[in-house]
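First to last, the protein sequences are chains F and R.
The opening residue of the first sequence carries number 33 in my numbering; numbering runs sequentially from there.
The opening residue of the second sequence carries number 2 in my numbering; numbering runs sequentially from there.
Because the hints were derived from the structure by calculation, they are not lab data.
Check each hint, because a few of them may be wrong.
Claimed, not checked - Residues of chain F clear of chain R, computed beta-carbon distances all greater than 10 angstroms:
| no. | residue |
| --- | --- |
| 1 | 109 |
| 2 | 125 |
| 3 | 309 |
Said to hold, decoys possible - Label pairs and their computed distance ranges (CB to CB):
| no. | chain 1 | residue 1 | chain 2 | residue 2 | range |
| --- | --- | --- | --- | --- | --- |
| 4 | R | 234 | F | 300 | 50 to 60 angstroms |
| 5 | R | 54 | F | 189 | 20 to 30 angstroms |
| 6 | R | 18 | F | 219 | 49 to 59 angstroms |
| 7 | F | 337 | R | 224 | 22 to 32 angstroms |
To be verified - Straight-line Cα separation of at most 16 angstroms, EDC-like style, residue types lysine to aspartate or glutamate; simulated pairs:
| no. | chain 1 | residue 1 | chain 2 | residue 2 |
| --- | --- | --- | --- | --- |
| 8 | F | 265 | F | 196 |
| 9 | F | 41 | F | 58 |
| 10 | F | 265 | F | 201 |
| 11 | F | 208 | R | 282 |
| 12 | F | 318 | R | 108 |
| 13 | F | 208 | R | 278 |
| 14 | F | 318 | F | 124 |
| 15 | F | 193 | F | 58 |
| 16 | F | 136 | F | 308 |
| 17 | F | 208 | R | 277 |
| 18 | F | 136 | F | 125 |
Idealized CB from N, CA, C, for every residue including glycine.
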Amino acid sequence: MTMDVEEVKRRAGPREFSPADDLPEEYRTAATRMLEFHANSEIMGAYLERPFIRQSPSLERKLAFSAKVQDEIGHGQLLYRAAESLGIKTREEMLSDLANGDGKFLNCFHYPMTEWEETPMIAFFVDGAAMRRQATLKQSSWEPYAHAMDKVCFEEGFHVKHGESILAELMNGSRKEQRLTQAAFEEWWPRILQFFGPTDDQSTHHDFAADVGLKTMTNDELRTAFLNSYLPKAETYGLEIPDEPRIRQNDDGTWDVVEDDLDWEEFFSIAKNEYEPGLGQINARKEAQAAVEWVREVLDDREAMAAGGHTGQAAD
Amino acid sequence: MATADGASYAGVDDLDGEEAAEAVERLLFRLADDELVVAERYTEWQVRAPTLESDISLANVAQDELGHARLWYQVLERFGHDETDLIWERDPEDFRHGTLVEQPFADGDWADAVVRGYLYDVAEDERLHALEDSTFAPIRDRVGKVLDEEAYHLEYAESWLERLAGSEDGHERLQDALDRLYPYALTLFEPGDGTTDARIVEMGVRERSLGALRESWHDRVDDYLGSLGLRVPPLEPSERADGHVSPTDLPDHVGREGDHTDHWPALFAEMTGTYEDLGRDHATRIMDDDE
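All chains should be modelled from the sequences, with the hints used to inform the complete structure.
In structure tokens, the structure reads:
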């Protein structure tokens, strides 16, 4: 018998629910929404970083970038699987929604990234912010999600180190490198602050997700934890924090970001996949995927032929 | 691991004379440059492969090849080079890879990636096996690790060939790619000058000549692809004493003596753009050395 929402709320705790449980649709829908968003973000993050495999200025950086992009596709694969196990949407549906511009993903991955000095803004700050959030998701009530986070967080640790190493190198490089990196930081900083979304009283999905244990920390708590750790790091590397958006630390260690200093119109147009540059990235990826549609058709045909006896060979 | 006179070279200093050192260096440049450029092209498929699974697998192959390039460049460092002059500040005309590996992929042409990977992997397999008992220890010591990984690449390429060849559309695309790429694949076996390859075999650095490797390669490729119903162009037995195949079988640009297609300088400019823009003068090491 399907569990009712009240029972889910009562039982909600770390790794409490698995595909063996008959969970109500509200829970499965909310968990799917989170996982799909997370998986899409991995794919679009990889999309943004792939040009830097080629543009890496050393052989070992190139290897590290290729491995990072590969890891992110692997995380996407893992998260789509965890999402599929909720029985709401198949991976094909989620990937096709992402291609069509219906799939949602992190605000930062809607912005184009073209220069090397921008790479630590994603690979250090955004990934660092993501690490904060992902670490708390190890306590998610949906066991497959929490389990996926074990692997993701482990690998993400290397990515953040890699990003930090690029940042350190740039900020210890020539004055030109330092100047370009500071400019990239100023451009990306407001977007990074928006990573955690608007303050909690404006967030719509949080209450239910928190009540059923899918989320364990609020946006504000996560933002505070991130700032406490990354503001000092930015300063250590010689980055100057821009005067705006204004941010202020309270006596209790929490931070207030003056929300009016951030562009929420842009943020919400991004959230609807309507921001032009982001839309360009969505469509460019869609075209690349359409170009290899013929291969997927060959695989599907084989699978259809193999069906009814034995399963088709894995499509790797 | 020995020549007729039992020579064995523990390191660069043991090579007799400049000509011997130059011959080994030339062989290493071919190895390293092939691996670097083939990998560089493979990475174009990252985030663009047909499925998430194939995306991950091809990235594995690319990273293996990059790792092999790194390993062979590290051997070249023993000849007095560093990564800066081996890659980042080298004149693109000084690169010695065959032109097979520098060809761009047309959008969505997964058949090209599969056929190119296969032709390259078989060539690599032949070449590396002929180096297993090399008299030059720094090569001999590294071949085993590289061969292990190449075996997986070959298996991977074959599994894709079999899947694609089984459909009409896939078969046609494979044949197109094969017809287009076969002449380029022959560049992998083209000797550069007229004397180096003979010297390399004479010194026992590689057991077999490029011409002999080419014949084994062709027979394997012909057998296997033939079994999938694909048509492999015939290879005229090499009548020329210098080991070259007939120029009419080769593409206009071979690459081995720095004669590249226009795709190479364009690719090289993309690869070195950051290094140039930032005015870098060294390449960052972030991993431990293998040795």
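| field | Hints violated by the structure (listed by number, smallest first) | value | Going through the list in order, the structure violates hints 1, 15 and respects the others.
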